[in-house]
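Q: Here's the letter readout for the chains.
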Amino acid sequence: MKEAKKQGGLNAEIQSRIGHQLRAMYDDVVRQGVPDRFVDLIRRLDVPEGSPQLGNAGEKNDGGE
Amino acid sequence: MPLTDQLRDDILASVPSLRAFAISLSGNGDRADDLVQETLLRALANIDSFQPGSNLPAWLFTILRNLFRSDYRKRRREVEDAEGSYAKTLKTQPAQSAHLEFEEFRAALDKLPQDQREALILVGASGFSYEDAAAICGCAVGTIKSRVNRARSKLSALLYVDGAEDFGPDETVRAVIGGSG
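So the sequences go chain by chain: L and G. As numbered in our numbering, residues 1 to 65 make up the first sequence, in order. As numbered in our numbering, residues 1 to 181 make up the second sequence, in order.
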């Protein structure tokens with residue numbers, strides 16, 4: 001296996017620019033927070049055991065007595 | 001473990017980075033949110049298999065990544081189309097130079113092989129360790145390191161060597177090139 005040292009001709013400035021752009025793109029989305037649809041989704045699924053609402057996941061729930 | 005309030009909060013807290021990961025992988029916002037939704041449903045359905053105290057974000061990222069990959073195989077052709085329309089969407093926006101640069105970056109990222117792109121995002125943007133990234137991708141740590149390195153070299157070639165002309169007739173560049181008045 002090759003060593004990761006081999007940064008070869010990659011100049012450090014270019015690499016830091018790439019790193020910066022990558023994080024900028026990513027953090028731009030992270031900063032949008034949690035869209036309501038996901039809050040609702042988690043809430044909706046977080047129902048007391050035995051409720052028939054578990055629906056969408058199509059999962060057999062093994063919790064019932 | 002059972003779905004406690006704490007666990008539910010922790011899952012919700014992971015949503016922003018799951019979305020960022022999904023968008024980075026797919027390049028398509030709508031599809032990314034569907035992917036996140038499917039990830040959450042699957043996670044909640046399989047919450048019993050989550051080991052308390054283990055790395056929740058890594059567990060969720062693994063689910064998302066696997067869903068994306070199985071989905072990707074199914075819809076390879078659609079993906080190409082989606083990339084095209086995504087690029088078009090971007091082009092209709094004001095061509096400020098920062099935005100143009102972002103667009104170039106996004107396009108270059110899309111050109112990376114899947115393996116390299118996901119490794120780079122996990123390590124370079126999500127902030128996972130090489131070890132966590134390897135676990136998420138189901139491969140050796142050394143493999144992740146070499147994928148990240150190859151991704152970086154390829155991006156730098158696309159953006160700053162081969163693709164230099166693609167930056168286009170940017171005003172600043174023009175001024176510099178033709179600026180001896």
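To be clear, the hints were calculated from the coordinates, so they are not data collected in a lab. A virtual CB, placed ideally from N, CA and C, is assigned to each residue, including glycine. Don't take every hint at face value.
Beta-carbon label-pair distances, calculated as ranges [stated by the list, open to error]: (1) VAL34/L - GLY127/G: 16 to 22 angstroms; (2) SER16/L - LEU12/G: 31 to 37 angstroms; (3) ARG69/G - ARG43/L: 28 to 34 angstroms; (4) THR4/G - ASN11/L: 46 to 52 angstroms; (5) ARG37/L - SER49/G: 20 to 26 angstroms; (6) GLU13/L - HIS99/G: 20 to 26 angstroms; (7) MET1/G - GLU13/L: 17 to 23 angstroms; (8) VAL161/G - VAL39/L: 18 to 24 angstroms; (9) ARG31/L - GLY142/G: 15 to 21 angstroms; (10) ARG44/L - GLY127/G: 28 to 34 angstroms; (11) ASP48/G - ARG37/L: 22 to 28 angstroms; (12) ALA157/G - ARG37/L: 34 to 40 angstroms; (13) GLN6/G - GLY19/L: 49 to 55 angstroms; (14) ALA140/G - ASP40/L: 20 to 26 angstroms.
Q: Against this structure, judge whether each hint is valid.
A: Status of the hints after comparison with the structure:
For the hinted restraint 16 to 22 angstroms between VAL34/L and GLY127/G, the CB-CB distance of approximately 19 angstroms keeps it satisfied. Distance hint check for SER16/L and LEU12/G: the Cβ-Cβ separation is about 33 angstroms, which falls inside the suggested range of 31 to 37 angstroms. A beta carbon spacing of about 29 angstroms between ARG69/G and ARG43/L agrees with the range 28 to 34 angstroms that was offered as a hint. Judged by the Cβ atoms, the range 46 to 52 angstroms given for THR4/G and ASN11/L holds: they are separated by roughly 49 angstroms.
For the pair ARG37/L and SER49/G, the beta carbons lie near 25 angstroms from each other, so the given range of 20 to 26 angstroms is met. Between GLU13/L and HIS99/G the Cβ separation comes to about 22 angstroms, which falls inside the hinted range of 20 to 26 angstroms. Range check, MET1/G to GLU13/L: about 46 angstroms between beta-carbon atoms, so the 17 to 23 angstroms window is missed. Our hint of 18 to 24 angstroms for VAL161/G and VAL39/L is violated, since their Cβ atoms are close to 45 angstroms apart.
Distance hint check: the CB atoms of ARG31/L and GLY142/G are about 34 angstroms apart, inconsistent with the given range 15 to 21 angstroms. Judged by the Cβ atoms, the range 28 to 34 angstroms given for ARG44/L and GLY127/G holds: they are separated by roughly 30 angstroms. The hint said 22 to 28 angstroms for the Cβ distance between ASP48/G and ARG37/L, and at roughly 25 angstroms that hint holds. Separated by about 39 angstroms at the C-beta atoms, ALA157/G and ARG37/L satisfy the suggested range of 34 to 40 angstroms.
The hinted range of 49 to 55 angstroms is not satisfied by GLN6/G and GLY19/L, whose Cβ atoms lie roughly 33 angstroms apart. Range check, ALA140/G to ASP40/L: Cβ separation about 40 angstroms, and the 20 to 26 angstroms hint is violated.
Hint check: violations occur at hints 7, 8, 9, 13, 14; the rest are consistent with the structure.
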